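Trainee: Okay, here's what each chain looks like letter by letter:
There are 2 protein chains.
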Amino acid sequence: MSWSKAMPANPVVAVAGATGAVGQEFMQVLHDLDFPASEIRALASARSAGKKIEFAGCGQVPAGELIVQEMTPESFKGVDIALFSCGAGISKEMREAVVAAGAVMIDNSSAFRMDEDVPLVVPEVNPDDVSWHSGVIANPNCSTIQMVVALKPLYDIAPIKRVVVSTYQAASGGGAPAMEELYSQTKDFLNGEELKVEVFQHRIAFNCIPHIDVFMDDDSTKEEWKMVVETKKIMGDESIAVAATCVRVPVLRCHAESVNVEFSGEVSVEAAREAYETAEGITVMDDCSSNTYPMPGLLAGTNDTFVGRLRKDPTVEHGLALWVVADQIRKGAALNAVQIAQLLLP
Amino acid sequence: MSWSKAMPANPVVAVAGATGAVGQEFMQVLHDLDFPASEIRALASARSAGKKIEFAGCGQVPAGELIVQEMTPESFKGVDIALFSCGAGISKEMREAVVAAGAVMIDNSSAFRMDEDVPLVVPEVNPDDVSWHSGVIANPNCSTIQMVVALKPLYDIAPIKRVVVSTYQAASGGGAPAMEELYSQTKDFLNGEELKVEVFQHRIAFNCIPHIDVFMDDDSTKEEWKMVVETKKIMGDESIAVAATCVRVPVLRCHAESVNVEFSGEVSVEAAREAYETAEGITVMDDCSSNTYPMPGLLAGTNDTFVGRLRKDPTVEHGLALWVVADQIRKGAALNAVQIAQLLLP
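Here the protein sequences line up with chains A and B, keeping their order. Quick note on numbering: full-length UniProt numbering labels position 37 of the first sequence as 37, and the sequence is numbered without any gaps. Quick note on numbering: full-length UniProt numbering labels position 119 of the second sequence as 119, and the sequence is numbered without any gaps.
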């Protein structure tokens with residue numbers, strides 16, 4: 001099935017989960033990209049209904065206060081694009097109502113990512129996949145997005161055989177309460193007070209936790225599994241082998257990734273660098289002589305995927321090593337979703 | 001040349017760099033292991049001479065205060081074992097005097113590690129290599145030590161073809177001032193004050209820095225190079241390929257490592273686990289059902305190398321993935337050096 005309804009030039013946009021970390025960033029990104037909306041509806045749970053959100057304006061929507069409405073199946077009447085970031089359960093509950101209303105759901109949760117009728121899209125990598133949606137387009141997992149953005153220009157030089165990736169993931173991946181926990185735990189640690197562990201499985205202050213999302217039967221985590229299967233789907237190549245280890249680190253909102261790539265043909269450092277220079281959405285920060293490389297603590301609020309520490313990996317026939325950083329809430333979530341929405345515009 | 005002087009059962013031990021982070025840990029470990037010393041000499045720079053150090057006692061040395069003496073070439077008269085941790089420059093300056101005095105230098109710096117006449121020793125891995133020293137034994141780099149401890153029991157099942165490792169290294173690798181910088185920067189960050197960057201290349205609070213030690217001609221860092229060459233030397237196998245990315249994280253004193261190993265023959269998870277159960281110096285912390293795995297923030301002050309997240313890496317024919325944590329100041333430095341000294345006892 002494919003979608004027949006035409007998208008208006010000035011769509012009505014609903015933001016579902018408007019008060020969360022990603023929801024707030026949706027608002028910011030809609031403004032930053034001046035998305036040509038005719039209306040923005042801020043939706044959230046009953047608990048948040050009535051809250052006021054400052055919105056800086058975009059398209060035909062003037063700057064001003066938005067009042068959060070309780071999300072119900074009726075909320076989507078007249079909506080053209082529904083940006084969802086309120087967990088897989090809510091996305092599943094609301095899918096039918098959204099699609100029945102004629103809106104396209106762009107979903108940040110993991111609910112539908114691997115469904116056969118749902119494209120999984122990173123605009124720099126597989127923009128054409130939006131064409132075959134049937135009401136739902138999925139936003140990939142944050143750690144996958146920045147990796148495939150960095151891999152695609154290299155893949156276009158030579159197919160990728162294997163990727164070994166270890167992540168350094170920020171607290172923001174766990175939402176606003178997770179960032180708050182990192183703050184408050186760190187403060188308590190420095191003051192010698194007892195630490196409260198609520199959001200993460202263990203203390204995150206001055207610690208690394210090699211465990212994100214739940215464990216799978218093969219003793220990998222679901223976060224690691226996502227990097228494996230989502231990479232194949234987005235890149236459109238089932239033969240890419242991905243070995244991932246996902247680790248939470250005490251950083252606020254950018255993820256970093258150490259990536260070793262093995263290609264089926266030669267990809268020199270020079271060729272990779274040249275490909276990156278013209279690639280969309282990528283900034284190369286890579287100059288050893290001036291200690292320049294991307295760092296997660298210093299890139300909060302940015303849109304690009306940053307690549308550095310680019311070098312030959314001489315331990316395989318055709319290998320490169322690189323270090324990739326992106327803002328988890330922007331490119332890893334809200335920005336990528338709004339960029340998908342841009343692809344839907346007439 | 002090999003060493004002919006016999007080691008007394010109760011050696012005189014000099015600790016060079018006694019006031020540094022590793023130096024203080026030397027004192028603690030000598031006590032913890034009740035090293036059978038007849039005398040402990042605390043040596044440091046002129047600036048620290050006269051300082052008093054509380055020592056808990058070991059062997060024939062009672063608990064009490066040690067007075068730090070200025071280190072000069074004359075300091076080593078009568079010394080049997082000199083534990084050095086004051087930088088490569090000082091080690092090079094003092095080598096001749098130490099060896100001329102008949103003492104064995106166990107050096108924590110990178111000064112002599114790759115020298116042909118200097119054994120590079122991790123007691124769990126290559127204890128026999130102490131036999132061919134000619135006055136100097138080198139203590140490997142911290143990140144290498146914990147990796148080879150974890151690799152050796154697996155290597156004994158099947159030779160290792162390739163290792164891809166990404167590190168999560170604690171501030172302590174930069175010594176006491178580095179740990180202090182992490183503390184003070186974090187405090188300033190939380191208070192919204194300007195951050196002072198003095199020890200590290202960039203801010204370390206709430207950040208990751210993919211850069212440890214200096215850059216080499218091939219755009220790897222010297223820390224990464226150490227993991228490559230030291231692993232081959234300690235394991236006694238030049239054919240082991242190591243691809244390393246070394247990253248500083250805001251953790252105080254334990255390093256963590258994400259390691260993907262490719263073997264030349266089958267090594268099942270069960271066989272690896274069994275090998276670890278009887279391996280010296282290793283504790284397996286690995287139970288997904290109870291969220292159990294080693295974490296660097298929670299293992300400070302421990303002696304073992306901790307292994308967890310042990311799982312099959314299905315992206316190569318014979319692959320395993322693991323997560324390794326050890327206290328950088330203890331097993332990564334002071335403890336390993338004192339364990340080498342134990343090997344020298346009659």
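I should point out that these hints are in silico values taken from the structure, not numbers from a laboratory. Remember, it's a predicted structure, so these values are computed and weren't measured experimentally. Be careful, since some hints might not be right.
Identical copies carry no separate label here, and so any pair may be met within one copy or between two of them.
Said to hold, decoys possible - In silico DSS-like pairs for lysine-lysine, Cα to Cα no more than 25 Å straight-line:
#1 161 to 312
#2 232 to 312
#3 52 to 222
#4 187 to 52
#5 312 to 222
#6 222 to 77
#7 232 to 51
Trainee: Indicate, hint by hint, whether the structure satisfies it.
Mentor: Going down the list of hints, with the structure as the test:
no. : hint       : verdict
1   : 161 to 312 : both (16 Å within a copy, 18 Å between copies)
2   : 232 to 312 : both (24 Å within a copy, 20 Å between copies)
3   : 52 to 222  : neither (35 Å within a copy, 53 Å between copies)
4   : 187 to 52  : neither (30 Å within a copy, 33 Å between copies)
5   : 312 to 222 : between (30 Å within a copy, 15 Å between copies)
6   : 222 to 77  : neither (35 Å within a copy, 60 Å between copies)
7   : 232 to 51  : neither (41 Å within a copy, 62 Å between copies)
Figure legend: structure checked against the earlier numbered hints; hints not met, in rising order: 3, 4, 6, 7.
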